[in-house]
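J.: Sequence:
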Amino acid sequence: MVKAVCFDLFHTLVDVGQTPGTPGRYTADILGVDREAWNTACFSDVHDICRPTDHREVVRTMAHSLDPSIPLELIHEAADERKGRFDFTLRNILPAVLETLEDLRQRGLKLALISNASTAEVSSWPYSPLDNFFDITVFSCECGHAKPNPAIYEHALQQLGLDAAQCLFVGDGGSNEHVGASQVGMHTVLMTYWVAHRLDEEAIQMRRNYCRDEIAELSELPALIDSLVSR
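At position 73 of the sequence shown the residue is numbered 73 (the numbering used here), and the sequence of numbers has no breaks.
Keep in mind that the hints were calculated from the coordinates and are not lab data. None of these values were measured; they are calculated from a predicted model. Glycine is no exception: its CB is placed at the ideal position from the N, C-alpha and C atoms. Be careful, since some hints might not be right.
Said to hold, decoys possible - Straight line, CA to CA, 16 Å or less: simulated EDC-like cross-link-like pairs of lysine to aspartate or glutamate:
| hint | residue 1 | residue 2 |
| --- | --- | --- |
| 1 | LYS3 | ASP163 |
| 2 | LYS3 | ASP135 |
| 3 | LYS110 | ASP131 |
| 4 | LYS110 | ASP163 |
| 5 | LYS3 | ASP226 |
| 6 | LYS110 | ASP80 |
| 7 | LYS3 | ASP103 |
To be verified - Ranges between beta-carbon positions, derived for each pair:
| hint | residue 1 | residue 2 | range |
| --- | --- | --- | --- |
| 8 | THR22 | MET206 | 25 to 31 Å |
| 9 | SER44 | GLU73 | 41 to 47 Å |
| 10 | LEU94 | SER123 | 17 to 23 Å |
| 11 | PRO222 | ASP131 | 20 to 26 Å |
Please work from the sequences and hints to get the whole structure.
T.: In structure tokens:
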């Protein structure tokens, strides 16, 4: 029986840069580095997401891993604009996302957030409309564990007071997040809305391999839950 839904945050509930009106420039463009190389750095061990950090120092470490000659003045400019983009995204949530979360709450389901993030990326969470919908939030920078480490999911389950089999985990599949969710026994759901245009079919199929169900967008989730209950 489904009693809770655990969500990924980035590329699942929000997408930095895809939110209408997002201000600022791409961080890679400011730094003068390749966008793909920058994205790789963001999802590598160079990005410190398992402890509290300063946003300028985080960007400096990642930037200098790609090009040690980038001046600090440019790094500070890029870091400040990057933080502004994350702040804007968390404060401006698509209405369809809020409507779906409200639907799930009305069904009596508990909602949890399990997100990999450095401190600045989620510093505006208390001001986000999303904050009102969640029973618990687990950020890697606060709990000390990052997806796909099973420990971050177990931490969420402990706070929810539920067994893994009673919980869905919904995400875009980045950071191999469904692998960890599966290992602890959660029912895994892939959502492709934000990533379908970025990934080729082979990459999406790799993510499907660790998921029991798939939805194209968040509004499909209530109907999926109904189908699971009726099975």
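J.: Regarding the pair LYS110 and ASP131, is the alpha-carbon distance no greater than 16 Å?
T.: This hinted pair holds, its Cα atoms lying about 13 Å apart.
J.: Please work out if LYS3 and ASP226 have their alpha carbons no farther apart than 16 Å.
T.: holds, 12 Å
J.: Going straight from one Cα to the other, do LYS3 and ASP163 come out at no more than 16 Å?
T.: Answer holds: LYS3 to ASP163 is near 9 Å, not above 16 Å.
J.: Range first: 25 to 31 Å. Now tell me if the beta carbons of THR22 and MET206 are that far apart.
T.: Once the Cβ atoms are compared, 28 Å apart, the range 25 to 31 Å for MET206 and THR22 holds.
J.: Quick check on a hinted range of 41 to 47 Å for SER44 and GLU73, using CB atoms only.
T.: violated, 25 Å
J.: Tell me if the straight-line CA distance from LYS110 to ASP163 falls inside 16 Å.
T.: holds, 13 Å
J.: Is the distance from the Cβ of PRO222 to the Cβ of ASP131 consistent with 20 to 26 Å?
T.: At 21 Å between Cβs, range holds.
J.: Sort out whether ASP80 lies within 16 Å of LYS110, counting only the CA atoms.
T.: violated, 35 Å
J.: Are LYS3 and ASP103 close enough, with their CA atoms no more than 16 Å apart?
T.: holds, 14 Å
J.: Falls inside 17 to 23 Å, the C-beta gap from LEU94 to SER123?
T.: Hint holds: Cβ distance 21 Å, inside 17 to 23 Å.
J.: What's the verdict on LYS3 and ASP135, does the C-alpha distance respect the 16 Å limit or exceed it?
T.: holds, 12 Å
Hint compliance for this structure: hints 6, 9 are not met, and every other hint is.
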